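The lines below spell out each chain.
Protein chains: 2
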Amino acid sequence: MAREITKRSEDYAQWYIDVVLKSDMADYTPVRGCMVIKPNGYGIWENIQAKLDRMFKETGHVNAYFPLFIPESFLTKEAEHVEGFAPECAVVTHAGGKELEERLVVRPTSETIIWDKYRDWISSYRDLPILLNQWANVCRWEMRTRLFLRTTEFLWQEGHTAHASHEEAEEEAYRMIHVYRDFAEKYMAMPVITGRKTEQEKFAGALHTYCIEAMMQDGKALQSGTSHHLGQNFAKAFDVKFQNRDKELEYVHATSWGVSTRLIGGMVMCHSDDNGLVIPPELAPLPVVIVPIWRGDDEQDRVLGRARELTQDWDPLFYKIDDREQYKPGFKFNHWEVRGVPIRVEIGPRDCDNNQVIAVRRDTGEKATLSMDGLEEQIRKLLNEMQQGMFDAAKKRMDDRTYTVDDYADYQQRIEDGGFFRIHWCGSGDCERKMQEDTRSTIRCIPFDAEPEAGQCLICGGPSERRVVAAQGY
Amino acid sequence: MAREITKRSEDYAQWYIDVVLKSDMADYTPVRGCMVIKPNGYGIWENIQAKLDRMFKETGHVNAYFPLFIPESFLTKEAEHVEGFAPECAVVTHAGGKELEERLVVRPTSETIIWDKYRDWISSYRDLPILLNQWANVCRWEMRTRLFLRTTEFLWQEGHTAHASHEEAEEEAYRMIHVYRDFAEKYMAMPVITGRKTEQEKFAGALHTYCIEAMMQDGKALQSGTSHHLGQNFAKAFDVKFQNRDKELEYVHATSWGVSTRLIGGMVMCHSDDNGLVIPPELAPLPVVIVPIWRGDDEQDRVLGRARELTQDWDPLFYKIDDREQYKPGFKFNHWEVRGVPIRVEIGPRDCDNNQVIAVRRDTGEKATLSMDGLEEQIRKLLNEMQQGMFDAAKKRMDDRTYTVDDYADYQQRIEDGGFFRIHWCGSGDCERKMQEDTRSTIRCIPFDAEPEAGQCLICGGPSERRVVAAQGY
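Protein chains in written order, with the numbering used here: chain A, 1 to 474; chain B, 1 to 474.
None of these hints come from the bench; they were simulated from the model. Keep in mind that the hints are not guaranteed to be accurate.
[As the list claims (entries may be wrong)] Here are the simulated lysine-lysine pairs, DSSO-like style, with alpha carbons at most 27 Å apart:
1. B:Lys320 x A:Lys57
2. A:Lys51 x B:Lys320
3. B:Lys22 x A:Lys57
4. B:Lys220 x B:Lys395
[As the list claims (entries may be wrong)] Calculated from the model, a selection of chain B residues having no Cβ within reach of chain A, i.e. all distances over 10 Å:
5. Val31
6. Ala79
7. Thr93
8. Asn137
9. Leu207
10. Arg302
11. Leu304
12. Asn355
13. Tyr408
Being a predicted model, the structure only gives us computed values, none of them experimental. For every residue, glycine included, the Cβ atom is placed at its ideal position computed from N, Cα and C.
Here chain A stands alone, though its shape is the one from the complex:
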């Protein structure tokens, strides 16, 4: 099974597809660019949802649900927004056997339909803030699709908040990108850099966009979450005003922020290896698999009996005993390894004699001999160590492959090997576009923690005040 996966060193893109398919996370469908998320992938999404949802609620947000369909005319109300999204839309023209009077767009994002309702809901500063989030499917008709990373339909959450002041909206946009950072680092074991997108890369309709960017194992960047300060753009487009404390009418200030099933693609490319999927324990649908090893019926009864006895008080969603009789232990080891189960526990007759088991970590392959006494606690400790170990390894990789470069020829050569490049940039869109044409790399973000540092733009030599991070990206 594992040998069917292409090696990363041979073909990284093919390795990724192999891992996703062989690990039973997803499959293709006959619908262009749409995938099936299979249980081993959807279980990860359920864990992502559960953790993020709690973080959203702890920061005062509540969930709601708006329609899938958006009247086509809504999209045109915000000029930049329509330019950004209209070319990607799927359009419903017929329904109930008739042609529709107004065509309906399948939501590519929900700003317009939501701000149309906010007009009805907001009249006074007392109605603010509104702190809503939505878990939903969205559709963007992409030309080139790739499982999880870019699909025509995908699952996501989109926060949409309304505020009485610029400062409050700014605080919210900034708060939420840090919620995403904490989520990525704590639960996905995926270190990120946090900062602001350039004008060219910001969301269509935003004042500015904050992002988290993660480094994949090939050194490329993956934009993993964004938070937009929308200013009063959507309030103006949909005429949403409120009476402030001084009884004056003002336009409402907005943010929106989202992460999607793309995160799962990021998780794969950040952590997995040539043997298949590696899942951070915090997101694993199945944290532990127990493989009993026996020859003959007597041993089978004894080993299986002991495994069941050991786990009788465990949460049934925490572990599985692979008691299938038609497969040998080696086959089972591979089966669960490819699928990314964090800890494999092996129990054989000799282990029973010695009151011990062998526990194998999926990320490092390290084997530990654990006493059967207090086994669950020892395994949970191992899972925590693995979670931290995965983060540390990914962090070291990102740090090792983050370079400071000041010569454009040097940059053009080295960018092909991947990595994050701290470069000086004058702020001009022209330089940004030239770099993109020359190197297929982009400015990923202007990091929040960039220190003031005078320098010269890598591309044009013009004055620059701080370094930005550039990389090739997904």
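Assemble the complex: chain A is given as a structure, and chain B must be docked to it using the hints.
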């Protein structure tokens, strides 16, 4: 606030709409037949999801996600299915700025797209059973819509299982309708009758359909959940065969089962009153609201301080202290009453002196004086009593309004006042249609617990072997 709600006795249909809107559960949108589910409604759906999802997992199911779009040709592969659903479909004809080669239907239900994949996934009895569930939005272009009860887009779950034998599929379909019954009775406090749909009322493409039917306060029936034994119909339509243990090729056996946001409409019509929404505690987004009562700053500090002290160790999602200064207690009582918060706790200065609070149950209006010592535990006990009390009241209402009738003229008169009618029926579709034309009532189900009883069909006088349940329905 409460007085803006139409009385049930005056106009039951308008009362329902008023409750849904005033309780902040949902709102209309400019998209025909589509609603916004607002946080007070979506919070109930989140609780429904959490409880049901656990019940599905405890019965061995896992979640997956299939595409929103279905190639139009797929729908036509099962003859009854296309007849049932094609007229209701929304159709995407353009995407990415171009006309599509094959039109895509927005899923009205997912049997076809799922069985198309099952063909790839199933080849041997070892691949069976497949026990998948999907949480998703679906779209059926309805002519007449009503908030929650019938909307063009709605949220639901759909289970889709594949089995090696007729008996196993039958067991599954029967098991799941009982999961729905248990859910409705235990968490929604909504008693149901459980049974089989007639041929005319079954799902388009099923061998037979099981259902749960609940009685609303106007005596009408609401179909609240269905479970279908699909036989080999979809396996034949999509050519899904497996090799059985005897190495013979056989078509796979199927079930599907679903409940939707319609349940929330049922909950409203089963439990709410002229003052607004009443939510069973098990589904309440906010179980407890605390309204402090004060005059002047000193009292405010004292009462609010005490309220905060009392609740400092409580789960923040369990309660809210309504400390708004711009509103009087009477306004707050109404505010939370309309929104259906199960328990209101009042704390005034005299209560502080006496180390007590007043707790008011939303369903009965009963007031109880509770000691401040061990308050959380007493409130949780009250919530449990309320949950049981709501079920008992609804059960008594259903029993009181379930009639045994043997005279068609009598039936035609009494059906207009609502209620469930135990009638004899010969089994003919003609009689069923005649009854429907004469009385706008239908056979809701053939109950599982119907005792054999010889009788004469209420409509034609022909022989009947057991009573069925008829009612007007939603």
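Each hint, compared with the structure:
1. B:Lys320 x A:Lys57: Satisfied, since the Cα-Cα distance of roughly 14 Å is no more than 27 Å.
2. A:Lys51 x B:Lys320: holds, 23 Å
3. B:Lys22 x A:Lys57: holds, 24 Å
4. B:Lys220 x B:Lys395: holds, 14 Å
5. Val31: At roughly 5 Å from the nearest Cβ of chain A, Val31 (chain B) sits no farther out than 10 Å, so the non-interface label is violated.
6. Ala79: Its Cβ never comes within 10 Å of chain A, the nearest being 18 Å, so this holds.
7. Thr93: Thr93 (chain B) not clear of chain A: closest Cβ-Cβ about 5 Å, inside 10 Å.
8. Asn137: violated, 6 Å
9. Leu207: holds, 26 Å
10. Arg302: holds, 26 Å
11. Leu304: holds, 20 Å
12. Asn355: Holds, because the least Cβ-Cβ distance between Asn355 (chain B) and chain A comes to about 32 Å, which exceeds 10 Å.
13. Tyr408: holds, 36 Å
Violation of the numbered hints given earlier is confined to hints 5, 7, 8; the remaining hints are satisfied by the structure.
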